[in-house]
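J.: Residues per chain are reported as follows:
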Amino acid sequence: MEVFFQQLINGVSLGSLYALIAIGYTMVYGVIRLINFAHGDVMMVSTYLAFFALTGFSLLGSFIPQMSWYFSFPITIFLTGALGYLIERLAYRPLRGAPRISALMTAIGVSFLLENLVLVIFGGRPKGFPTPDAFAGVFYIKGVALPSLSIWIFGITLTFLGATFYLVYRTKSGIGMRAISRDFETPQLMGIDVNRIISLTFIVGSALAAAGGIMWAMRYPQINPFMGIMPGIKAFTAAVLGGIGNVVGAAIGGLILGIIEISFVAIFPDSAGYRDAIAFFILIFILLSRPSGIMGERLPE
Amino acid sequence: MEREKIINTAATVLSLLALTGLLKWASSYESPYIVQILNTTAIYIILSTSYNLVNGVTGQFSLGPNAFMAIGAYTSALLTMTPDEKEITFIIQPIISPLDKIAIPFLPSLLIGGAIAALFAFFIGFPVFRVRGDYLAIVTLGFGEIVRVFATNAISITNGSLGLKGLKQYTNIWWSWGWAVFTVFCLVGIVESSYGRAMKAIREDETAAQAMGINVFRYKLLAFTISAFFQGIGGGLLAHLLTTIDPKLFTFFFTFNLLIMIVAGGLGSMTGSIIGAVIFAWGSELLRWVEEPHQIAGIFIPGIPGMRMVIFSLILILIMIFFRKGITGRWEFSWDWVFGRFGWKRKIKIEKAHD
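Protein sequences appear in the order of chains P and C. In terms of this note's numbering, the first sequence is residues 1 to 301. In terms of this note's numbering, the second sequence is residues 1 to 355.
In short, the hints are calculated from the structure, not lab data. No experiment lies behind these values; they were computed from the predicted model shown. A hint or two may mislead.
[Said to hold, decoys possible] Derived DMTMM-like pairs (lysine to aspartate or glutamate); straight-line CA-CA distance at most 25 Å:
(1) C:LYS325 to C:GLU206
(2) C:LYS248 to P:ASP276
(3) C:LYS248 to P:ASP183
(4) C:LYS5 to C:GLU192
(5) P:LYS127 to C:GLU291
[Claimed, not checked] Quick list of simulated restraints, FRET-style, between CB atoms:
(6) P:LEU59 to C:LEU287: 24 to 32 Å
(7) C:GLN169 to P:MET1: 58 to 66 Å
(8) P:PRO221 to C:ILE315: 50 to 58 Å
(9) P:PHE5 to C:ALA208: 50 to 58 Å
(10) C:LEU99 to P:VAL144: 44 to 52 Å
(11) C:SER156 to P:PHE71: 45 to 53 Å
(12) C:ASN172 to P:PHE268: 44 to 52 Å
(13) C:LEU314 to P:PRO221: 29 to 37 Å
(14) C:ARG288 to P:THR159: 44 to 52 Å
(15) P:PHE268 to C:LEU99: 18 to 26 Å
(16) P:ALA82 to C:LEU287: 28 to 36 Å
(17) P:LEU288 to C:ILE315: 51 to 59 Å
(18) P:ALA82 to C:ILE91: 32 to 40 Å
(19) P:ILE141 to C:SER156: 50 to 58 Å
In this text, a Cβ means the ideal position worked out from N, Cα and C, and glycines have one as well.
Here chain P stands alone, though its shape is the one from the complex:
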């Protein structure tokens, strides 16, 4: 029983991270039908931003001192949102009218650019992420270890999810987003500023990826330029599992994927090396059995 709860806690905290990242995928796909390959790398960049904000760095000769986490993390989230905006503005918007495959190729280009830019600037050696003390403690409840980080992850995920649901389902911009995901042309005739909505989608998606990335870096405290690939693929799987284009589905899909992955490692500890393969098989399985996902509506093929 204790083992079960222990694994459940681990699964939920990993799943929350997938959920945060998956929402960015699902929102962007819903609005412009683009698999944003750079999403995982945006997450990776956010961990580097958080790293430098926490440890301090020198910029153009002047040293910027280290900041405590309650300054660093909001700044990171803000900057990552700006990065999402820049990527959309510079790389994707010029291709709005182009064939979809061109946009996908650009997305791969952006993903590779981010990885290698970080590699060139900061080097390929993994950096240890300095987890702030506020996140480092462990509680024990009847023999079940409850890391305070897991509580933070769960709490922060819920907060961000709530804010995102509010944005998507209760605000004018959210109506715009949902309208565009139904039909790209008609909302323009209705006076919706499509470019503004798409920019907003990218900003929100990237900000959520930053929140996920920071907590990912604290959970697995080593950051390197290629760390975003695997979480990216898995978060996409989570988005498909929940029904792509559906924000609630992405959250549920993320949680399910996290729990499945952790249970696999718990049940077959010898095969832990294959844990990265599970998401892939789940993806193939959903495509075969229920392509629209758990929450998805049936889309025309």
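Starting from the known structure of chain P, fit chain C onto it as the hints suggest.
T.: Structure of chain C alone, referenced to chain P:
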């Protein structure tokens, strides 16, 4: 009409002979560096033209070549290694039963490697194309990672992260260029046939193609499987050129390079893919310059490792935004064009009107 066909065939045969002569002359120099780049060029041609069949001709975005290359490379390497070599190589765990006794010649091992890659492509393509083609990119990207995971963890088959070492260097300039010529002829044959026209129709408008009675699912899957076969062959050739393979060799980096080749050459054009492959094979050698330290106008610039990749990704993004047609666009090389250039006008073929 008949006469022109004979002249075209003669021109093809002559240019192949010229290529043979050129390769013989180049390999007689015995500069290992040049021979190596020539081999790489041929393998790139195999990979880029077959990649183009999926991405350019059929318009489906696959990111799988590195995975299929890895499958082809491991398969053919395991088949050509002699039992003794395997016993020396597999030091952590002995190799599993039937594989430890098998040793077959190079050509069948390549073909089996290609066939197994194609088999995997079939099993991935089946669920993906049945639903929505635009998942292909992420599924193949994921598959690449999975192949790496298996290559690292299935120690009794792949020797884990140590990889396979001491393969015999079977691949020489004749094997690689022979396969390159064969691949190009096969693929051009497919593209010019009714199969190719169906694939192009899917690229242009899937719904319209379906309405015309084209089995969209079948043609997508066919293109993807054929392409994986040649990528498996390319992987096998590469393995026996480098003589060492390990899980880190077949990263996504390879696929990215291929993408640049076909996009820069002209997406959808086999001629463009070949030009892209040749330029890339030689150009990336030149670009090593940016990773070495230099002294420019008295200023010392240290070498920047990884800078090539930054440049490549910028090139890809800029091509997609400003220069989407690439070098050739969808233009294809043909002898009619060559003779037309020399002012020898030919009758316009009736068949052409169908394209």
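J.: For every hint, state whether the structure bears it out.
T.: We went through each hint and held it up to the structure:
1. C:LYS325 to C:GLU206: Holds, at about 21 Å.
2. C:LYS248 to P:ASP276: 16 Å, holds
3. C:LYS248 to P:ASP183: 43 Å, violated
4. C:LYS5 to C:GLU192: 15 Å, holds
5. P:LYS127 to C:GLU291: 23 Å, holds
6. P:LEU59 to C:LEU287: 24 to 32 Å: 30 Å, holds
7. C:GLN169 to P:MET1: 58 to 66 Å: Given about 59 Å between the Cβ atoms, the range holds.
8. P:PRO221 to C:ILE315: 50 to 58 Å: 35 Å, violated
9. P:PHE5 to C:ALA208: 50 to 58 Å: 56 Å, holds
10. C:LEU99 to P:VAL144: 44 to 52 Å: Because 46 Å falls inside the window, the suggested range holds.
11. C:SER156 to P:PHE71: 45 to 53 Å: Given about 52 Å between the Cβ atoms, the range holds.
12. C:ASN172 to P:PHE268: 44 to 52 Å: 45 Å, holds
13. C:LEU314 to P:PRO221: 29 to 37 Å: 32 Å, holds
14. C:ARG288 to P:THR159: 44 to 52 Å: Cβ of ARG288 (chain C) to Cβ of THR159 (chain P): about 49 Å, so the range 44 to 52 Å holds.
15. P:PHE268 to C:LEU99: 18 to 26 Å: 24 Å, holds
16. P:ALA82 to C:LEU287: 28 to 36 Å: Since ALA82 (chain P) and LEU287 (chain C) have Cβ atoms about 31 Å apart, the given range 28 to 36 Å holds.
17. P:LEU288 to C:ILE315: 51 to 59 Å: 38 Å Cβ-Cβ, so the 51 to 59 Å window is violated.
18. P:ALA82 to C:ILE91: 32 to 40 Å: Violated - the Cβ-Cβ distance for ALA82 (chain P) and ILE91 (chain C), about 51 Å, lies outside 32 to 40 Å.
19. P:ILE141 to C:SER156: 50 to 58 Å: 42 Å, violated
Consistency with the previously given hints fails for numbers 3, 8, 17, 18, 19, ordered from lowest to highest.
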